[in-house]
Amino acid sequence: EVQLVETGGSLVQPGKSLKLTCATSGFTFSNAWMHWVRQSPEKQLEWVAQIKAKSNNYATYYAESVKGRFTISRDDSKSSVYLQMNSLKEEDTAIYYCTRNNYFDYWGQGVMVTVSS
Amino acid sequence: DVVLTQTPSILSATIGQSVSISCRSSQSLLDSDGNTYLYWFLQRPGQSPQRLIYLVSNLGSGVPNRFSGSGSGTDFTLKISGVEAEDLGVYYCMQATHAPWTFGGGTKLELK
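Protein chains in written order, with this note's numbering: chain A, 1 to 117; chain B, 1 to 112.
Just so you know, these hints were derived from the structure itself, not from any lab.
Glycine is no exception: its CB is placed at the ideal position from the N, C-alpha and C atoms.
Hints are supplied without guarantee of correctness; some may be wrong.
Said to hold, decoys possible - A few chain B residues facing chain A, derived, Cβ under 7 Å: (1) S48; (2) P49; (3) R51; (4) F67; (5) G89; (6) Y92; (7) W101; (8) F103.
Model the full structure from these sequences, guided by the hints.
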């Protein structure tokens, strides 16, 4: 059974950092391209970042709204993908989901990140 | 960025009624590889999005066949042939042809 479990969400102050983890199981993670998608309090979904597999040199892509502040990475030995979020802004407040690139077939349950002073 | 416009924003239906949701794109979603990367998701209250349809018209695994997708280019439709109670929630279309991937604003399906 495919599972994606996000952890690491929290309440943080603007300007601070936070790292999210998406632990996966039930599929060959090393071959999978992975994404982070977030959902604002207004329920709008926004794609955040993508990381490809080793065979694609772990290429990464970002939404303009997070470029230079967020970093997506992966550890194939742990079947996990990460999202390092720096210089957080109040508009980064959202539920963060990880999902895999197999036509976006599986999503995690999401983790809440609140950026507020 | 590609803008996806969903209509209606709210859809009221009775159980057993057939309904349709429209998703219109600001540019063609036909990729150079011949595929059209248009998806439909359902998000039930308190849950994460669940994929229903991929590549315009392909039914996801385990998705009831009362759901169907159609369209091409810039105009796409999700149809539910006989709404059931478990179908209530918010429906989103998404495109993955043109980076960055973008989502429609959502259509809330509620009971009349």
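Hint numbers the structure violates, sorted upward?
-> 4 and 5
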